[in-house]
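*Asks:* With the hints as constraints, model all of the structure from the sequences given.
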Amino acid sequence: SQQGEEDPQALSIQEGENATMNCSYKTSINNLQWYRQNSGRGLVHLILIRSNEREKHSGRLRVTLDTSKKSSSLLITASRAADTASYFCATEPGGGNKLTFGTGTQLKVEL
Amino acid sequence: DAGVIQSPRHEVTEMGQEVTLRCKPISGHNSLFWYRQTMMRGLELLIYFNNNVPIDDSGMPEDRFSAKMPNASFSTLKIQPSEPRDSAVYFCASSFRTGSVGNTIYFGEGSWLTVV
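Respectively, the protein sequence lines represent chains A and B. The first sequence: position 68 = 68 (this note's numbering), numbered continuously. The second sequence: position 61 = 61 (this note's numbering), numbered continuously.
Any given hint could be a false lead.
[As the list claims (entries may be wrong)] Within a straight-line C-alpha distance of at most 30 Å, the following computed DSS-like cross-link-like pairs (lysine-lysine) qualify:
#	chain 1	residue 1	chain 2	residue 2
1	A	K98	B	K68
2	A	K26	A	K98
3	A	K69	A	K108
4	A	K98	B	K78
5	A	K108	A	K26
6	A	K108	A	K70
7	B	K68	B	K24
8	A	K26	A	K69
9	A	K98	B	K24
What the hints contain is simulated information worked out from the structure, not anything from laboratory work.
*Replies:* In structure tokens form, the structure reads like this:
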């Protein structure tokens with residue numbers, strides 16, 4: 001079963017709007033990561049947030065983590081057509097070396 | 001720097017044939033992962049190695065699948081015999097594991113396997 005479940009499964013927005021994706025996970029974690037996958041390509045790491053952090057920023061990305069609710073969100077501000085991709089959260093359940101990915105959110109940014 | 005290199009990028013094979021996927025991790029990385037991605041099951045971790053040693057192969061579907069890492073710069077994933085349900089994109093990824101920072105991993109571009 002998936003450690004992480006993203007929602008929504010698919011999201012379509014207009015360029016310039018903000019996109020918010022959510023991730024829920026099941027077990028305790030040391031950190032949570034977000035990755036991006038363009039169609040037909042491998043995944044690319046975006047950002048990592050540690051379990052003792054509540055919010056982190058990187059450029060137009062803002063990630064939050066609520067360990068009490070076992071959930072995280074990824075916000076992309078001022079979206080661009082080039083942000084069209086699938087976005088995955090990933091965790092290492094129990095702190096091991098076994099990075100497990102969620103089901104992903106497909107984001108489409110239209111001009 | 002070269003990223004994770006996988007070959008072949010695309011392979012179409014007949015059911016029953018042996019398939020070998022190859023991976024060259026990023027130089028200096030000490031962990032290597034094999035993932036499989038399908039529409040139905042998403043991204044599944046098949047096996048991972050630390051310092052060339054297989055640590056967890058619980059994700060390997062069945063005995064038809066095997067993976068080796070003979071040295072720090074090369075790994076293979078073999079399917080013998082292949083079946084149509086093995087059709088998927090197989091990703092190799094590598095990382096440098098340090099303490100408790102978190103295991104940020106770098107993916108190859110994938111090997112697209114179709115078994116007919």
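*Asks:* Taking 30 Å as the top limit, are the C-alpha atoms of K98(A) and K78(B) close enough?
*Replies:* holds (21 Å)
*Asks:* Taken at face value, is the distance from the CA of K24(B) to the CA of K68(B) at most 30 Å?
*Replies:* holds (12 Å)
*Asks:* Tell me if the straight-line CA distance from K26(A) to K98(A) falls inside 30 Å.
*Replies:* holds (15 Å)
*Asks:* Within a Cα-Cα threshold of 30 Å, do K108(A) and K70(A) meet the stated pairing?
*Replies:* holds (26 Å)
*Asks:* For the pair we were handed, K26(A) and K69(A), check the Cα-Cα distance against 30 Å.
*Replies:* Cα-Cα ~10 Å, so holds.
*Asks:* Can you confirm whether the C-alpha distance between K69(A) and K108(A) stays at or below 30 Å?
*Replies:* holds (28 Å)
*Asks:* Is K98(A) close enough to K68(B), meaning Cα to Cα at most 30 Å?
*Replies:* holds (18 Å)
*Asks:* Going straight from one Cα to the other, do K108(A) and K26(A) come out at no more than 30 Å?
*Replies:* OK: K108(A) and K26(A) at ~27 Å, within 30 Å.
*Asks:* Does the structure keep K98(A) and K24(B) at a Cα separation of 30 Å or less?
*Replies:* holds (20 Å)
Checked against the numbered hints given earlier, the structure satisfies every one of them.
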